[in-house]
Every structure is written in C-alpha cells, then in structure tokens.
Amino acid sequence: MRTPFTVRLLQSMPRTGWIALAIFAAITWIGVPVAHLVLPESSPLHLSAYTVSLLGKILCYMVVAVAMDLIWGYAGILSLGHGLFFALGGYAFGMYLMRQIGRDGSYGADIPDFMVFLDWKEIPWYWAGSDSFIWAIFLAMALPGVVAFIFGYFAFRSRIKGVYFSIITQALTYAAMLLFFRNETGFGGNNGFTDFKRILGYSITSPEMRVTLFALSAALLIACLILGRYLVGSRFGRVLAAIRDAESRVMFIGYNPLHYKLFIWTLSAVLCGLAGALYVPQIGIINPSEMSPANSIEIAVWVAVGGRGTLIGAVLGAGIVNLAKSYFTVTAPEYWPFFLGFLFIAVTLYLPDGVVGLWRKLRSRKGPDSAAAVPAALPVTQKPGAVTDTKLIPETGAKGATT
Amino acid sequence: MTETTELERRASAFAADGGRENWDGAASSGHLVTGELDLSHNVILYLDDITVSFDGFRALNKLSLTIDAGELRCIIGPNGAGKTTMMDVITGKTRPDEGKAFFGQTIDLTRMTEPQIAHAGIGRKFQKPTIFEKHTAFENLELAMKADKRVRRSLFASLFDDERDRIAEVLKQIRLDKDADRSAGLLSHGQKQWLEIGMLLMQEPRLLLLDEPVAGMTDDETERTAELFVSLAGKHSLVVVEHDMAFVEALGGKVTVLCEGSVLAEGDLATVQADPRVIEVYLGR
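Each protein sequence line maps, in turn, to chains A and B.
For the first sequence, position 120 matches number 119 in numbering that gives the first Met the number 0, and the numbering has no gaps at all.
For the second sequence, position 249 matches number 248 in numbering that gives the first Met the number 0, and the numbering has no gaps at all.
It should be emphasised that the hints constitute simulated quantities derived from the structure, not laboratory data.
A hint or two may mislead.
Below, simulated EDC-like cross-link-like pairs (lysine to aspartate or glutamate); rule was C-alpha separation at most 20 Å, straight line [said to hold, decoys possible]:
1. B:Lys234 x B:Asp218
2. B:Lys61 x B:Asp37
3. B:Lys92 x A:Glu246
4. B:Lys253 x B:Asp274
5. B:Lys92 x B:Asp107
6. B:Lys177 x B:Glu132
7. B:Lys92 x A:Asp244
8. B:Lys61 x B:Asp48
9. B:Lys127 x A:Glu121
10. B:Lys127 x B:Asp48
11. B:Lys61 x B:Glu132
12. B:Lys127 x A:Glu207
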C-alpha cells in the first residue's frame, strides 16, 4: 500500500520540527505585530519600525539561504550568483512599486522619474503590465525562473561542474549588474528603483503595511522550509544527493541528472525571486549593487556558517551573520569585511558542518543516549525499511560535507 | 494478386513482431522509447569495427565482438588492452570514432545517452565500487530500482509493498539484509562490491557489464560472487572483465582476450591459455 501524500508531507518533518515552526509562526504572525502596533513605545517589548524592517529583511535573507542550501547542500552545486535571482525578483516587484507612485513623483509625470530623466515618453514594452500587482508577483517568480532555466540548461547540459560552475555564475551576476547600471536599459541605472509610496493603494510606510510584509516574509520562510524538508526527504531528494556524491553512477542507473539539477536550480531561483520581491518594499530601494559578486558570496557564507545540507542551518546562518552585520556596521563598520572573512575561514577550517554540526557534536558528546533517543521519538509508522522516508533534521550530519 | 502479397507481408511482419522477445522495460520506465530489444538472432550485443582514439592513441582498434543472449562472457587482457574503454562505448560514456554498436538487432547504442542505455537494459558495475556512500544500502537499491526515473515521478514516489519486497529479496541475495539501514560508506570493500552488483540487479538489466567485480574480495566472497553470476546467466547476459584467473575459471564461460584494442583470441579458458599469441602477450617475448 502506498502512503498518502498528506501523510508523507507530515512525516517529512519530526514532531519537534512542526512544533518549532508553529512557535515561529505564532511569534512572527502574532507576537511581532502586537509588539509593534499595540504596545506603547515606552514598553520594553515594543519593537521599533527599524527593528521590524531589519527582522523582515533578515527573514527574506533566510529564504534565500534555504534556496541556496537546496542546491549547494543537497545537489552539491555551489552558486555564487544567487544574488542575481534575488535582485531580479526585487526589480520585477520594484517596477510595480514605481508605477504605484503615480503622479506623486518629483516630476509629477505618468512615468517613473528616472524615465522622465531619460526623456522617455512612455513605458518601454518590457515593462508593460508592470502596474498590475498580480503580473508583478508572477514576473518576480518567472523572471528569475526563466533566466535560471536557460542558464542552467546550457551549463548542466555541458556538464559544467564544481568551481567552473561557481565562476560562471559569478560572472553572470556581474554581467547583469553592469547591464542594470546602464541608464538606457530602463532599470533605473545606479539609483535603481526607490521612493516607493504605495502597495495596492495602501501606504508603504504605515506600521500596518510594515507588519503585513513582515508576516508575509515569515510565511514565505515557513513555506520554503516545509517544501524543502519534503523535497529532501523524497526520492527526488535522495537522487539529488546521489548526484552530488556520484553523478556517473546516477546516470548509469538511468536517471538524467540534467533534469534533476535543472528542476532544483530553477526552483531555487524562483524562491530567491520571491524573497527579493518581499525584500524591496521593506527596504525601500532596489539597485544593481544587489547583484554585486560580493553579495552572492555572502549568501554562500550564511549557508556555510549555519551548516550545509540541513536547511535549518541555512536559516540560522543567515540570522547569525546578518545580526552580526547590523551590529558591526553600527559599532565598527570598517571591521565588518575582516570579520566576515575571518568567519568564513574559521568555519571552513574548524566547523565544516557549521553551527548545526557543532551543536550535534556537542550534543552527542554530552550524552550519546539522548542523541540516540531522537530517532525513536519520530513519528515512524512505516515499515522498518522505510525509516529513511521519514528522515529528519538529524541526518547523518556528514551529508553536507561534500561540495 | 498484389493485394494478397501485401497482406501476406503484413501478416508475416506481425508474426515476426509477436515472435520477438518482448521486453517492456524501455517503454514503461519513462524517458525515451528506444525500441524493444530484438533478440531474434539470439545475439544481445554486437560490436563491429569499433575504433576509439584519444589524442592519437588507439584505445580500441577495429574491435569486433558479439555476445549471445544469456551468455556469460569473460574478457581478459593486459593493462591498456581497452577493456574499460569498450565498456565506456557500450554504456554511452565514450562515442566511438568509427564502428557500430548494437544492443540486440535494432538498438543503436552509439546514438544514445547513458540514462537511455541504462533504460534500454544495460547495467554497469565500475572497477572501483561506485555506490552512494551517504545513502543507506536500502536507499542505494531503492534508487537503482527499475522505475519511472523522471523528475515529476520521483517527487511523489513512495514505495509499494512489492517494491519493498523486491529490495528485501535483493538485499538477501547480496547478503546485506542485516546492514540494510547502514550508510553504504561504512560497508566493507567486498560488501560495497556486492551492493553495486545488487544495484545492477534492481535495474533488471538484460546485459550486465562487470568491471573487475571481485577486486578486493576475500576468497570466500569471490567464490560466492562466482556462484551468483553463474546463477544469473541465462536470464541475463553477463560480460565480466577480470584479472583473477581462478575466478574466470569458476565462471566457466567463453573467454575473450583483448590486446591493444582488438580481439586476440576467443574460446574456453584452457584453449585461450594454450594459445601461443596469448602467452606471448602475457609473458612478453
């Protein structure tokens, strides 16, 4: 008999995982809105507009980190150009926000200010429909998806792997950045898109909108984690990990790695695009610097710090590095690049499995009994042979160790 | 008059079709339908004048070889004789510069990709055991199992009871039933070899290519491997590349000696070993 899909979806995560997600949802959907909107500013639990925006931004980064972990940790494909997909999503939604400004821009024109500046008379064809919210959301997913699909198809078909692939992705995002920097391409040049006023007619700076965007970012992260957990626990996920570890064997048992890589690669880009679309209204600007190679490398650092091939590690890594970044850039901005570099070297040398790996090591040292007890507590209702179907966060640990 | 002959022609074509050994593998397992395996001449593999050069070095030099359906064939030869390159050609990893490679009467291997060839029914075991070290033995077999291997199927795939039983059966056959849930990377070398053979069996191939399957095995394991291969012959066709002469003798099939990219001698082991050219190649002048 076959296990129903919903049951398998539920089994893709242990009970503790679902509880953790529920707590996270309660905090982000109820706790934060209450702390920002209801509690008075004098309350110690009050969250300022700055804090909510910062946390919302980090939530978007966490989504990117999960998308990165899916391809790097599980499929062994290191992309150093994921900032491109994030920025494309941001630009697609950013143009919608530009159109929402209407005639409230500095020039009071029907078209965005930067187009007036270029002496354009009408919206170029490729931005047709960008005044529609639905189209903007679609574009934020489709644009990175299509770019990733086309690029991935040629790269994977030519069997470009490892460091060569990483370098090409890096070049791709750099080339895109140069393209977007140019004024005449219609992407706002080096200023990008900014001065947003409204979403769907509501003020973008209102506390309610801020909290809504924050809650949506949290929802996207939760959805990504559930989807990711399901994917890596499915046969698809096992094939991906097999491609990572022994691609030729995968081919000789009849799988076409091209299709598998292309699927996860494109999905990863789409998730980044959605994260970008939520990021832009919370930050209030999108410009080509989001596509700078350094940004994309930083995404890889988040995942490495948290622990590859664990999903939760990516979330933790993005959180840790970005909180450290906002702390450093306030107290000692000149030391931030050094700290980031040190962090990356230290993690590579001493913590190959990141924070999650460290935690597992500590826990297994403290009491092997407690570690061994975890699998027993799983909701395993299948036959013994199927234990692997319900594999959860404590995977063998070494899973992400190969690049 | 012409009409009757036309009908007759159709009828005979139909009969020939039905008479063919019908294998639904390629058709039902997704990817591309590359035609059914046609064993009407009782030959499963034809290699005809295959030449492969790497930077001027002729790894295969007009190699011609046929393997009968159900046969157990051993390939021996000194290092660099082209044994592995021959397997690369059959499995689509290397494209020959010249020559033809047919699986059965109709399937042209030189026009297919590795996954297509795998689906058509050719399984390969590498010289160095290549298994998925981070997966358990059970998962290794699950991934190898003959199934629809397209992305959209594997996204929602879960095991049926008969599939579970099939995996359990193969685990028992390769004596890994007690280690089913261990990471494959933790198995002994001999066990890894067996696991890889088990993965081949899960694919239910018609032709198995085995590159030094008993390297690193204990004598006991080697003996059991020979028993397993002999039991597989008939239902499957096997091509075994091996240096271990005791093992080749235990298999007892026809032996082909390769040298410098072409066939030097062919026959049973005793005949081949008595051949002066073979002695010369192995012992030097």
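Quick rundown of the hints versus the structure:
no. : hint                : in the structure
1   : B:Lys234 x B:Asp218 : violated (26 Å)
2   : B:Lys61 x B:Asp37   : violated (24 Å)
3   : B:Lys92 x A:Glu246  : holds (12 Å)
4   : B:Lys253 x B:Asp274 : holds (14 Å)
5   : B:Lys92 x B:Asp107  : holds (14 Å)
6   : B:Lys177 x B:Glu132 : holds (17 Å)
7   : B:Lys92 x A:Asp244  : holds (18 Å)
8   : B:Lys61 x B:Asp48   : holds (4 Å)
9   : B:Lys127 x A:Glu121 : violated (64 Å)
10  : B:Lys127 x B:Asp48  : violated (28 Å)
11  : B:Lys61 x B:Glu132  : violated (38 Å)
12  : B:Lys127 x A:Glu207 : violated (62 Å)
Of the hints listed earlier, those the structure fails to meet are numbers 1, 2, 9, 10, 11 and 12, in rising order.
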